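*Asks:* So you can see what is in the structure, the chains are spelled out below.
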Amino acid sequence: MTAESASAQDLRTCVQQALDQARRQGATAAAVSLDRGEGLTVSVRLGELETIEREQDQGLSITAYFGQRRGHASSTDLREDSIERTVEAACQIARSTEEDPCHGLPDEDRLAFEYPELDLHHPWDLDNDEAVRLALECEDAARADARIANSEGAEVRRYDGIRVLGNSLGFMGTYRRSSHDLSCCVVAADEAGAQERDYWHSTHCDWRKMQDPGTVGRIAAERTVRRLGARPLASCVAPVLFEAPVARSLLGHFVGAASGRALYHEASFLLGRKDEQVWAEGITLTEYPHEVGGAASAPFDAEGVATQERTVVDNGILRGWFLSSYSARRLGLASTGNAGGVRNLVLESREPALSWDELLQRLGRGLVVTELMGQGVNQVTGDYSRGATGFWVENGAVAHPVHEITIAGSLPDMYRDIVAVGVEQDRRGSLQTGALLVDRMQIAGV
Amino acid sequence: MPDERVTDGAVRRYLLDPGELTPQTLEQTLAHAWSRACDYADVYLQHSQHESLTIENGVVKDAAFTLEQGAGVRAALGEKTGFAYSEELSPEQLLEAAQAARSIAHGDRQARLPQSSSTPPPAVCGYDNPLQNLDMEQKIALLREVDETARGLAPEVKKVTATLASTYEVILIASTEGVYQADIRPLVRLSVSVIAERDGRREIGGHGGGGRYGYSQLLETGAPARFAQEAVRVALLNLESQEAPAGTMTVVLGHGWPGVLLHEAIGHGLEGDAIRKGTSAFTHLMGQRVASPEVTVVDNGTLPDRRGSLRMDDEGTPTQNTVLIEDGIIRGFLYDRLNARLCKTESTGNGRRESYAHQPMPRMTNTYMQAGTHSPEEILASVDHGLYAVGFNGGQVDITSGKFVFSASEAYLIKDGKIAHPVKGATLIGDGPSVLRRVSMVGDDLELDDGIGTCGKDGQQVPVGVGQPTLRVDKLTVGGTRMHDG
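Chains as they are written, first to last, in this note's numbering: chain A, 1 to 446; chain B, 1001 to 1486.
If you are wondering where the hints come from, they were derived from the structure by calculation, not from laboratory data.
One thing to keep in mind: the hints can contain errors.
[Stated by the list, open to error] Pair by pair, the computed Cβ-Cβ distance ranges are:
#, chain 1, residue 1, chain 2, residue 2, range
1, A, L331, B, D1199, 20 to 26 Å
2, B, D1474, A, H121, 34 to 40 Å
3, B, V1059, A, K274, 23 to 29 Å
4, A, D413, B, V1059, 35 to 41 Å
5, B, A1420, A, G340, 34 to 40 Å
6, A, R261, B, T1454, 57 to 63 Å
Keep in mind that this is a model prediction, so the values were computed, not measured.
Where is the CB? At the ideal position from N, CA and C, for every residue including glycine.
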């Protein structure tokens, strides 16, 4: 089978054959997913073409069950004999590993036998020359600023993928999803020779809805140039305003700690906190997996369980978890349709959201964080300590850029100490929020 | 010493025969790319088998097998690169990839390809397939040993998770620079994670390691019990940990894995792509002093059996021991072929790629600092007030500004030259080009890490090694939650 000839029907046939093979080899149940995609990435640097990359991906993944035993195998080779060997490998593992009463396919009544069309597929008929033109336009816009001294380049990417998921309960779901990106990364230098780098990117499943190349380039340049002249701070305790793109990471740590795996491993600072005040009053976290054209929308999860809109944090109170069928059974609960991750988790506030200027006013004297570095987040305890870059703010106005500092605290405190939310949301990924102002954190510097 | 016939057999069995490929097919693929006026072209075939098994709650009920294979074709002209890959190993797909890759070059060329005449460099490891090294019962028994050891060590141990992962990889590289090289690259890793609880407080501890060998070598070194003990020790220690200090202070870094400092602070900034583009804070520092004469740092891909070792890089260049900093002075950068060509120098054998679906770029192998003259005790005794950091989660660097971080997972407060008490994990932040100037004492206890490191760059993950002796760094910012009390 070659990429050109593979229709959705061919792929479904391929999935069904793998399921049939698993049954013939003695599996009592099985699930198979098949992903295929094709893409083009073009990058330019300093006004010249740098790379043209053609992507062609495929992969088949099978989970076979022998009663309460489970085996998993995957392969990028989709030739018939190779699929057969992959199925064999999964069955072989399932026969030789140990039983777990929580193993098994999703409960039948949760499978998305019917699912909505979410308008996620917008193939982009972009050839090499047009891609080069867009990337150059993007980088040129960034380099128009005289302080931009060097460039890591600008990149345009189009990608078109299809996913087929089937299981031995008769579920067979298919959806197509395109994903297009435009990004630019540039370097600014000051008289002293100090260099700073930053970037910007736009992404959407519909290429017509991306930011235009000039805007992406200009934002990349602005974000880079404003870092020039950065210096460390003296250690202090101060309020910290997380710009929307970095505020998303705070949602990410929450999702990690509220996910089934962390809970059944008892490796979560949220253990036993259900129905308690975990976020500041007024804050709501809602998952919108069916948003039409959304950044991470999906009609069903990685197991075929129907995804659904639901509120996970209501007015600061923790109301739900992120569970797959397996983790749900481990915890004596029902799947929340989160196998494979969260889908458009949006933070909203009952308080009026503030503009950027209002946020700076509210911050008064403190730190704006624009970039975070390192892995200093402990999901078990909630201890938080990361490298940070940003701005020091005095009297509601930016005083100077800051680098080589850390911010530290504990996530449970940080979530409760959120005192304001920005109106402008970053909606480019599965976690979506405006800027978040945390009342008090420890800053370490000189 | 492994037999070359083993490599040849594996290449035929896994890479050539299934898709009816021959050495001539590869030559035709290269010739197709080369017939446009490019500077360089290569084709990379890869077959990789990966297996992982996890014990959790005392039960081995999660295991996975992954087969990844495909071919990548690349063509380069000046700073331009065309690249295409396919999961399908067939003559048609290789030609199609070559067609797409050569689109960066224009103009026809009649000249013949250079003849390939490659003798393989010396092997750095054996060629056993770790997946077939033990049968499933033995692997399960190994994980049980980890689980039971950890649980038996302390009543506070609540949860034990251990994962055994192994890879068997066969690659073949052919290029227009006369390379026709094959390699077999086994890799195993055992990692253990423990959660301990006392009086309602929960803490995590972990340890892991491995290398380029089969499971038998892992067992011979007593890894299962040793890693379990280490994970439990760290978890119990963290149950006693107090708030970490916040502010700038003297930091003593333990030997071995804390060498991640060198990897982040120095190594990435010396990679040839950033040097060529002038985006590294180290760009103009060749030949300049960046550290005391006691500091010598190398990147060595030739160490036997190490996780970061390779017989040859992913462009077929033999790996080597590259001196990066000698007696405090920058002496070397790390190059792949593309960046070496553009910088008019030679590749140092650091052209690595995550897989056939990724383009090679300059990457580290095993990066470490050579031993100095001070005993670790002497170094600790020299500090009035500071932090002693011996375990780390990992790090990150911004090569352009030079700022780097790394996050401690096991650390102690030092008071009056003595270890006072354990403190919570904290992020340490510093400036790459200046941090080595602050290294005032280098220990005599060089150690390499246990083989757990994975380095990410531009979305590509590759296994690496790090190492160092105990170091005293005079000033480093420690990101704790407690203000420095003098």
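*Asks:* Taking the hints in turn, state whether each one holds.
*Replies:* Results of checking the hints against the structure:
no.: 1; hint: A:L331 / B:D1199: 20 to 26 Å; in the structure: holds (24 Å)
no.: 2; hint: B:D1474 / A:H121: 34 to 40 Å; in the structure: violated (58 Å)
no.: 3; hint: B:V1059 / A:K274: 23 to 29 Å; in the structure: holds (26 Å)
no.: 4; hint: A:D413 / B:V1059: 35 to 41 Å; in the structure: holds (36 Å)
no.: 5; hint: B:A1420 / A:G340: 34 to 40 Å; in the structure: violated (46 Å)
no.: 6; hint: A:R261 / B:T1454: 57 to 63 Å; in the structure: violated (20 Å)
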